[in-house]
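J.: Here is how the chains run, residue by residue.
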Amino acid sequence: GENVEQHPSTLSVQEGDSAVIKCTYSDSASNYFPWYKQELGKRPQLIIDIRSNVGEKKDQRIAVTLNKTAKHFSLHITETQPEDSAVYFCAASKGDYKLSFGAGTTVTVRA
Amino acid sequence: NAGVTQTPKFQVLKTGQSMTLQCAQDMNHNSMYWYRQDPGMGLRLIYYSASEGTTDKGEVPNGYNVSRLNKREFSLRLESAAPSQTSVYFCAIRTELNYGYTFGSGTRLTVV
Chain C
583 GENVEQHPST
593 LSVQEGDSAV
603 IKCTYSDSAS
613 NYFPWYKQEL
623 GKRPQLIIDI
633 RSNVGEKKDQ
643 RIAVTLNKTA
653 KHFSLHITET
663 QPEDSAVYFC
673 AASKGDYKLS
683 FGAGTTVTVR
693 A
Chain B
1021 NAGVTQTPKF
1031 QVLKTGQSMT
1041 LQCAQDMNHN
1051 SMYWYRQDPG
1061 MGLRLIYYSA
1071 SEGTTDKGEV
1081 PNGYNVSRLN
1091 KREFSLRLES
1101 AAPSQTSVYF
1111 CAIRTELNYG
1121 YTFGSGTRLT
1131 VV
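Heads up: the sequence lines are chains C and B, in that order. Just so we're aligned, residue 583 is where the first sequence starts under the working numbering, counting upward by one. Just so we're aligned, residue 1021 is where the second sequence starts under the working numbering, counting upward by one.
Take these hints with a grain of salt, some might be off.
[Unchecked claim] Pair by pair, the computed Cβ-Cβ distance ranges are: (1) C:Val636 to B:Lys1034: 47 to 53 angstroms; (2) C:Asn635 to B:Arg1128: 36 to 42 angstroms; (3) C:Lys653 to B:Thr1035: 38 to 44 angstroms; (4) C:Ser608 to B:Gln1037: 36 to 42 angstroms; (5) C:Glu638 to B:Asn1085: 38 to 44 angstroms; (6) B:Thr1130 to C:Lys624: 15 to 21 angstroms; (7) C:Ser610 to B:Asp1076: 18 to 24 angstroms; (8) C:Glu638 to B:Ser1038: 44 to 50 angstroms; (9) C:Thr690 to B:Gln1037: 37 to 43 angstroms.
[To be verified] Computed footprint of chain C on chain B, listed as stretches where at least three residues anywhere in the stretch have a Cβ under 8 angstroms from a Cβ of chain C: (10) 1057-1069; (11) 1119-1129.
Derived by calculation from the structure, the hints in this document are not laboratory data. Even glycine gets a Cβ: it sits at the ideal position worked out from N, Cα and C.
Given these sequences and hints, build the entire structure.
T.: Listed below in structure tokens is the structure:
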């Protein structure tokens, strides 16, 4: 099955700086790559996703890039704010829509 | 995210006891999933159901059974709970519009 690796496992950034989280996947047939944000004690929530026919997607301060050749994708958060502190998960799936998740990155934004 | 309702929110079981986690959606979507979340391991798929009446194993199905009796409900059953099944369990539905999942609020299960 699909194997998704996520790095780093923890990330501490100064408020206003950028944060980057990277994921790699193993199955070249994967074609859908969502990112989820999970605040403490809450459910994961979809924040952005990208499909394999697109190289980059932006939504305000967050962006995702995809390199199909290298089989990796990244989440970029600019101008970080305290409310960006959370655990972020990347995931990948093929046409069967079963998502395989990375282990998560705990992001802490320092004031 | 009122579309996916999970019950109970918390449960403590003794080893060997059985229980069923309930999940119900009010959004009329076909695909439903059960994941477990453990520290440092992300979310791992236990079982999923692509449509009413069908179920398939995911990555970690051992020790669990599921039932999709109708389009609305997808239940997860632990027949004989073990401490290794201590986890947070999330039910999710796939919204065909954008392929993203909507998760329920989770069930925190402790097996002692």
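J.: Verify the CB-CB distance for Asn635 (chain C) and Arg1128 (chain B) against the hinted window 36 to 42 angstroms.
T.: Taking Cβ atoms as reference, Asn635 (chain C) and Arg1128 (chain B) lie about 39 angstroms apart, which means the hint holds.
J.: Mind checking the hinted window 18 to 24 angstroms against the Cβ distance between Ser610 (chain C) and Asp1076 (chain B)?
T.: 22 angstroms, holds
J.: Given a hinted range of 44 to 50 angstroms, is it respected by the beta-carbon distance of Glu638 (chain C) and Ser1038 (chain B)?
T.: 48 angstroms, holds
J.: May I ask you to test the hint 37 to 43 angstroms on the CB atoms belonging to Thr690 (chain C) and Gln1037 (chain B)?
T.: 38 angstroms, holds
J.: The hint says 38 to 44 angstroms between Lys653 (chain C) and Thr1035 (chain B); measuring C-beta to C-beta, is that right?
T.: Since Lys653 (chain C) and Thr1035 (chain B) have Cβ atoms about 41 angstroms apart, the given range 38 to 44 angstroms holds.
J.: Are 3 or more residues of the segment 1057-1069 of chain B near chain C, judged by a Cβ distance of less than 8 angstroms?
T.: holds (count 7)
J.: CB of Val636 (chain C) to CB of Lys1034 (chain B), is that within 47 to 53 angstroms?
T.: 50 angstroms, holds
J.: Go ahead and decide if the range 36 to 42 angstroms is satisfied by the Cβ distance of Ser608 (chain C) to Gln1037 (chain B).
T.: The hinted range 36 to 42 angstroms holds for Ser608 (chain C) and Gln1037 (chain B), with Cβ atoms some 37 angstroms apart.
J.: Given the range 38 to 44 angstroms, decide if the beta-carbon distance of Glu638 (chain C) to Asn1085 (chain B) lies inside it.
T.: 42 angstroms, holds
J.: When you take the CB atoms of Thr1130 (chain B) and Lys624 (chain C), is the distance between them in 15 to 21 angstroms?
T.: 19 angstroms, holds
J.: Closer than 8 angstroms, Cβ to Cβ, for at least three residues: run that test on the segment 1119-1129 of chain B against chain C and report holds or violated.
T.: With 8 residues closer than 8 angstroms to chain C, the segment 1119-1129 of chain B meets the three-residue bar; holds.
In the structure shown, no violation is registered for any of the earlier numbered hints.
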